[in-house]
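Q: Below, each chain spelled out in residue letters.
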Amino acid sequence: TQLLEQSPQFLSIQEGENLTVYCNSSSVFSSLQWYRQEPGEGPVLLVTVVTGGEVKKLKRLTFQFGDARKDSSLHITAAQPGDTGLYLCAGAIASGSRLTFGEGTQLTVNP
Amino acid sequence: NAGVTQTPKFRVLKTGQSMTLLCAQDMNHEYMYWYRQDPGMGLRLIHYSVGEGTTAKGEVPDGYNVSRLKKQNFLLGLESAAPSQTSVYFCASSPKQGYQETQYFGPGTRLLVL
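Protein chains in written order, with my numbering: chain A, 1326 to 1436; chain B, 63 to 176.
Hints are computed from structural coordinates only; laboratory data are not their basis. Misleading hints may appear alongside valid ones.
[As the list claims (entries may be wrong)] A partial selection of chain A residues facing chain B, derived with a Cβ cut-off under 8 Å: (1) LEU1370; (2) GLY1410; (3) LEU1413; (4) LEU1424; (5) GLU1428.
[To be verified] Below 27 Å or equal to it, Euclidean Cα-Cα: the simulated DSSO-like pairs (lysine-lysine) are: (6) LYS132/B - LYS119/B; (7) LYS1381/A - LYS132/B; (8) LYS158/B - LYS1382/A.
Cβ coordinates follow ideal geometry from the N, Cα and C atoms, glycine included.
Based on the provided sequences and hints, a complete structural model is requested.
A: So, in structure tokens, the structure goes:
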């Protein structure tokens, strides 16, 4: 059983559309991170959220940490082909604990 | 500054063969990790190290061994490869293991066990 569940698992959209990816758990996390992984490469950190209700923006990407710190979402506005990749959420239960990764959302943005 | 590098990039093994995957980092990080990535499973932690000379088991350690003789290197060994070990292996490093720490990943090693 995955501690962190991501949905959807696959998403294919047209350039210019908006999308939201979800990361859910029954556990409370001290922090949640989002990574993006491009084909043939390792994951690269996009953002870390640590406070319940926190919202962080990175250009067209908006990240939100749930009030209860059990879930997070990633919203992309006006998606571009360069946003194509595997989006992974990862959580730490407590300070000093290891990261647990979700199974990922494979996003394809078609021109 | 190369970051995290992995050797080899791709390998094919026959069942029962052994091999060692090498991870090197030039960021002077204390923590290093080995993950495997399989479709629909995300990244699963195999073993990790909190410093030179130390190693610990992760979520899926069976069939693997590791060593951290030098701070900058973390080796992952497969003594007798099995088809279930076909996967993409990623090494990562971080300065500390605090919950806000970034993990820096290598480009991965693709292993096929026949």
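Q: All hints are to be evaluated individually against the structure, with a verdict given for each.
A: These are the hints, each one checked on the structure:
1. Look at LEU1370/A: its Cβ gets to within about 5 Å of chain B, closer than 8 Å, so that hint holds up.
2. For GLY1410/A, the shortest C-beta to C-beta distance to chain B is roughly 13 Å, which exceeds 8 Å, and the interface hint is violated.
3. A hinted interface residue such as LEU1413/A counts as satisfied when its beta carbon comes closer than 8 Å to some beta carbon of chain B; here the least separation is about 6 Å, so the hint holds.
4. Using the Cβ-Cβ criterion of 8 Å, the hint placing LEU1424/A at the interface with chain B is satisfied: the shortest such distance is roughly 7 Å.
5. Interface hint status for GLU1428/A: upheld, as the beta-carbon distance to the closest one in chain B is roughly 4 Å, under 8 Å.
6. For the proposed pair LYS132/B and LYS119/B, the alpha carbon gap of about 18 Å is at most 27 Å, so the pair holds.
7. A C-alpha spacing of about 38 Å is found between LYS1381/A and LYS132/B, which places the hinted pair above 27 Å, so the restraint is violated.
8. Using a Cα cut-off of 27 Å, the hinted pair LYS158/B and LYS1382/A holds, with the two alpha carbons roughly 25 Å apart.
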